[in-house]
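A.B. asks: Residues per chain are reported as follows:
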Amino acid sequence: MTTDTTLAGTASTGAALAVSASGVGKVFPAKAGDVTALTGVDLEVRAGEFVSLIGPSGCGKSTLLRLIADLDEATAGTLTIFGKPARRARIDQDYGIAFQQAGLLPWRTVADNIALPLELHKVPKPDRARRVAELAELVGLSDFVDRYPDQLSGGMQQRVAIARALAASPKLLLMDEPFGALDEMTREYLQGELTRIAAETGAAVVFVTHSIPEAVFLSDRVVVMSPRPGRITEVIETGLGPVRDEALRETPAYFAKVTEVREALHGAPTQRANER
Amino acid sequence: MSSDPGSLPRRRTRGRGWAAVGWGVAGVLLVAILWEVYKFLGPSEGVVIGAVEGEAGSGVLILPRTHDRAMPHVWSMLIRLGEPTSGGATPPLVVSVAQAAVMTLGMAALGWLIGVAVGMLLGLAMQRWKLVEWGLLPWIVVSQIVPLIAFAPVVNVIGNQIDRSGIPWPQWLSVAVIASYLAFFPVAVGALRGLEAPDRIHVDLMRSYAAGYWSTLVRLRLPASVPHLLPALRLAAANAVLGAVVAEVSIGMRGGIGRMLIQFAGQASSDPAAPWGPMFGSIALGLIAAGSVALIGFGLTKYRRGEAAA
Chain A
1 MTTDTTLAGT ASTGAALAVS ASGVGKVFPA KAGDVTALTG VDLEVRAGEF
51 VSLIGPSGCG KSTLLRLIAD LDEATAGTLT IFGKPARRAR IDQDYGIAFQ
101 QAGLLPWRTV ADNIALPLEL HKVPKPDRAR RVAELAELVG LSDFVDRYPD
151 QLSGGMQQRV AIARALAASP KLLLMDEPFG ALDEMTREYL QGELTRIAAE
201 TGAAVVFVTH SIPEAVFLSD RVVVMSPRPG RITEVIETGL GPVRDEALRE
251 TPAYFAKVTE VREALHGAPT QRANER
Chain B
1 MSSDPGSLPR RRTRGRGWAA VGWGVAGVLL VAILWEVYKF LGPSEGVVIG
51 AVEGEAGSGV LILPRTHDRA MPHVWSMLIR LGEPTSGGAT PPLVVSVAQA
101 AVMTLGMAAL GWLIGVAVGM LLGLAMQRWK LVEWGLLPWI VVSQIVPLIA
151 FAPVVNVIGN QIDRSGIPWP QWLSVAVIAS YLAFFPVAVG ALRGLEAPDR
201 IHVDLMRSYA AGYWSTLVRL RLPASVPHLL PALRLAAANA VLGAVVAEVS
251 IGMRGGIGRM LIQFAGQASS DPAAPWGPMF GSIALGLIAA GSVALIGFGL
301 TKYRRGEAAA
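Residue numbers (the numbering used here), protein chains in the order written: chain A, 1 to 276; chain B, 1 to 310.
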């Protein structure tokens with residue numbers, strides 16, 4: 001009973017925060033000595049907020065995402081998701097996740113792939129079918145629900161993966177370079193789609209990327225990280241407003257933020273001539 | 001429906017199926033022709049090097065003898081199939097061969113089932129607990145080095161003891177157990193590989209859904225293991241037939257095709273075409289066994305879809 005009340009208490013105070021990390025660290029034990037993947041990470045993601053994690057490889061951005069998803073356990077600090085420990089949040093299905101590879105099960109149709117998380121949580125069949133139809137509509141794949149993954153393009157597969165991540169209506173979406181393997185055109189198109197979907201569902205998004213323009217275009221805040229040891233070096237508010245359309249990519253405000261993130265990544269102002 | 005992209009590859013597969021049958025027939029014909037050509041051209045007593053004058057059986061035979069007792073004509077083998085098994089009013093050879101083959105097939109099928117069950121359990125246990133894999137896998141490999149000829153009588157003796165102690169243990173059960181000893185191996189290894197086949201991302205995904213061991217097994221690991229399991233099951237079928245034939249011979253069981261092979265081979269000098277009957281029979285047996293397993297694959301085609309190329 002006592003634990004219940006404390007849990008409820010923390011939940012109510014932290015309700016506005018999707019992710020709250022303080023002093024989070026992760027050390028991987030290795031034969032040649034421990035490897036510090038992350039150290040001293042303090043990060044708060046508000047409900048409904050879009051936050052990108054950006055940095056060179058080895059900066060721990062994917063590790064941080066995996067800690068939030070409870071796919072790995074933090075070795076230091078506290079990490080709460082909607083006020084609960086990460087493990088509880090995972091069991092409660094508080095988040096949906098998508099990876100760089102779509103990771104669809106090749107023996108399941110699009111509809112069955114989207115339904116997988118619902119099936120695992122014993123959602124009754126009629127409800128499942130309704131939800132799958134809704135999600136297929138949301139990601140624009142209504143005509144393809146009976147196809148198998150090998151009959152879809154990479155972009156379509158990734159859209160199925162996003163629909164699957166949204167299946168249980170999570171209030172937090174975790175994405176690990178989901179557009180990393182796609183061509184530029186598909187990528188920009190899906191970025192637009194993702195901002196629309198995030199706005200429609202009201203879900204907070206933690207988005208790992210190594211593309212500066214992608215991070216700026218999508219996010220409310222860009223978290224810049226640095227390697228050896230992985231840590232947060234800067235957090236940049238984009239202030240680009242709620243509307244993210246193709247026109248935004250041409251605005252000076254957007255360019256200015258791209259420059260700011262780039263400079264933060266390089267640790268020093270880059271020369272103007274190198275930018276063009 | 002006409003726009004279904006799945007229909008195109010399927011039609012191509014069917015075309016390839018007929019081509020495969022054509023190549024198979026051509027291959028059998030080629031062997032028969034080579035046989036007859038060599039029989040026609042080769043020396044009747046073969047080619048022997050290093051033979052000592054006046055000493056029978058000395059030297060090394062490098063090309064086989066071609067006379068009718070050593071190499072009967074292909075058509076004599078076929079004609080012999082239609083003649084009585086051992087003279088008089090006995091049924092045609094082909095009927096006896098078929099009866100013996102059915103008996104062996106039954107024992108091999110039972111051996112296959114036992115082998116598949118044991119192999120699957122071993123594969124599941126090894127996938128579930130790394131320690132079991134480390135401890136067991138080397139022994140599983142070693143088990144296949146033990147010659148069947150040495151192992152079969154042991155099973156037979158144990159079976160007889162059980163039988164004498166009151167629990168009925170017929171001889172065919174010993175044969176099935178020996179057959180299963182060969183059959184379980186590819187299944188255990190194939191199941192282990194198949195169950196470990198899912199990508200890290202799929203395993204992470206199941207974990208993110210808070211799916212337990214059994215849900216992950218049923219929804220991810222077992223379906224993902226199908227492409228690894230099917231060849232293993234086919235190999236197990238071939239092994240089970242081989243094991244059943246050898247087991248019959250080594251424990252001296254009557255009625256099966258293994259026993260028939262030995263019996264007719266002993267009479268080959270007087271009736272050279274006869275041993276080819278059970279030989280064809282055991283080939284047919286292997287094909288039927290492997291073919292039946294291939295039928296299982298037809299029911300599982302959706303699990304054999306290639307991983308989507310992004």
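Calculated directly from the structure, the hints in this document are not laboratory data. Among the hints, a few may not be true.
[Stated by the list, open to error] With a Cα cut of at most 20 Å, we get these calculated SDA-like pairs of lysine to any residue:
1) A:K122 / B:L217
2) B:K39 / B:Q99
3) A:K31 / A:A168
4) A:K125 / A:K84
5) B:K302 / A:L116
6) A:K122 / B:G212
7) B:K302 / A:P229
8) A:K84 / A:V145
9) B:K302 / A:E119
10) A:K122 / B:R219
11) B:K302 / B:G212
12) A:K125 / A:S22
13) A:K84 / B:A210
14) B:K302 / A:P106
15) A:K171 / A:D92
16) A:K171 / A:P229
17) B:K302 / A:V145
18) A:K125 / B:H202
Because the structure is a prediction, the values reported are computed rather than measured.
A.B. asks: If a hint holds in the structure, say so; if it doesn't, say that too.
C.D. replies: Each hint tested on the structure:
1. As the CA atoms of K122 (chain A) and L217 (chain B) are separated by approximately 16 Å, the hinted pair is consistent with the 20 Å bound.
2. The suggested pairing of K39 (chain B) with Q99 (chain B) is violated, with an alpha-carbon distance near 31 Å, which exceeds 20 Å.
3. With a CA separation close to 40 Å, the supplied pair K31 (chain A) and A168 (chain A) exceeds the 20 Å bound.
4. Using a Cα cut-off of 20 Å, the hinted pair K125 (chain A) and K84 (chain A) is violated, with the two alpha carbons roughly 30 Å apart.
5. About 16 Å separates the Cα atoms of K302 (chain B) and L116 (chain A), which keeps this hinted pair within 20 Å; it holds.
6. Proximity of K122 (chain A) to G212 (chain B) is assessed by CA-CA distance (about 13 Å); at most 20 Å being required, the pair is judged to hold.
7. Note on K302 (chain B) and P229 (chain A): the hinted pairing is violated, with a Cα-Cα distance of about 45 Å set against a maximum of 20 Å.
8. Between K84 (chain A) and V145 (chain A) the alpha-carbon distance is near 35 Å, which puts this suggested pair outside the 20 Å criterion.
9. As the CA atoms of K302 (chain B) and E119 (chain A) are separated by approximately 19 Å, the hinted pair is consistent with the 20 Å bound.
10. Among the hinted pairs, K122 (chain A) with R219 (chain B) is consistent with the structure: their alpha-carbon atoms are about 13 Å apart, no more than 20 Å.
11. With a C-alpha separation of about 24 Å, the suggested pair K302 (chain B) and G212 (chain B) falls outside the 20 Å cut-off, and the hint is violated.
12. A C-alpha spacing of about 41 Å is found between K125 (chain A) and S22 (chain A), which places the hinted pair above 20 Å, so the restraint is violated.
13. Restraint check for K84 (chain A) and A210 (chain B): the C-alpha separation of about 15 Å stays at or below 20 Å, so the hint holds.
14. Proposed proximity of K302 (chain B) and P106 (chain A) is supported: the alpha carbons are some 8 Å apart, at most 20 Å.
15. Our distance criterion of 20 Å between C-alpha atoms is met by K171 (chain A) and D92 (chain A), whose separation comes to about 11 Å.
16. Taken as a hint, the K171 (chain A) and P229 (chain A) pair is broken in the structure, with Cα atoms around 30 Å apart against an allowance of 20 Å.
17. Taken as a hint, the K302 (chain B) and V145 (chain A) pair is honoured in the structure, with Cα atoms around 16 Å apart against an allowance of 20 Å.
18. For the suggested pair K125 (chain A) and H202 (chain B), the alpha carbons sit about 23 Å apart, so the restraint of at most 20 Å is broken.
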